[in-house]
Amino acid sequence: AQSVAQPEDQVNVAEGNPLTVKCTYSVSGNPYLFWYVQYPNRGLQFLLKYITGDNLVKGSYGFEAEFNKSQTSFHLKKPSALVSDSALYFCAVRSSGGGADGLTFGKGTHLIIQP
Amino acid sequence: EPEVTQTPSHQVTQMGQEVILRCVPISNHLYFYWYRQILGQKVEFLVSFYNNEISEKSEIFDDQFSVERPDGSNFTLKIRSTKLEDSAMYFCAGRAASLVNEQFFGPGTRLTVL
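Residue numbers (the working numbering), protein chains in the order written: chain A, 1 to 115; chain B, 116 to 229.
Just so you know, these hints were derived from the structure itself, not from any lab.
Please note that the accuracy of each hint is not assured.
Cross-link-like lysine-lysine pairs, in silico, DSS-like; alpha carbons within 27 Å at most [claimed, not checked]:
| # | chain 1 | residue 1 | chain 2 | residue 2 |
| --- | --- | --- | --- | --- |
| 1 | B | 193 | A | 49 |
| 2 | A | 58 | B | 198 |
| 3 | A | 69 | A | 58 |
| 4 | B | 157 | A | 77 |
| 5 | B | 193 | A | 107 |
Sequences and hints are given; from them, build the entire structure.
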């Protein structure tokens, strides 16, 4: 069975500082990894994904994530946080193999950017 | 930019009643999904649907749930006899053909069972 762990319920960062939201995963075979963001009373918005290739992937709004196979991690990062980045962030995984296609999500991390 | 739409945005129902949640996926998507998010909890996979049949379902998706795509555009989730614990936000999602594609989510339907 696949799983995702987001060890922090909440991350507080001052505006302008770098931010990291942690994610580790467990999956059979090679992973497809995703980050989604959820603003209050809204749906999930895709940020970025890792499929294969370069371990550092870049996505929307200046976010990036680093895939680390040995540590089974896919941490979300941004060099300089904005107040508007405050939201709930979900990491998700699925296996690259055929068959099971549903995403498994972590419990989410509240990111709070303080002015 | 095309979007996934869902109706209604909020549905209130009595325990034991049937509800149908509706979704209009992006037109070139071929794979469709329903997820739910109980308040304050993580998003959970319910079911995936391809070529007019269920391709995968979770243990949450029991006999009370069903999905269909009756007219080639709408994608529906039916709960036959709602329970209090069905209260959640339900998200529809879809993706294009390739396995590497991300899923695009709708805004969700908040279901409240009284």
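message: When the structure is checked against the list of hints, which entries are broken? Sort them ascending.
response: 1 and 2
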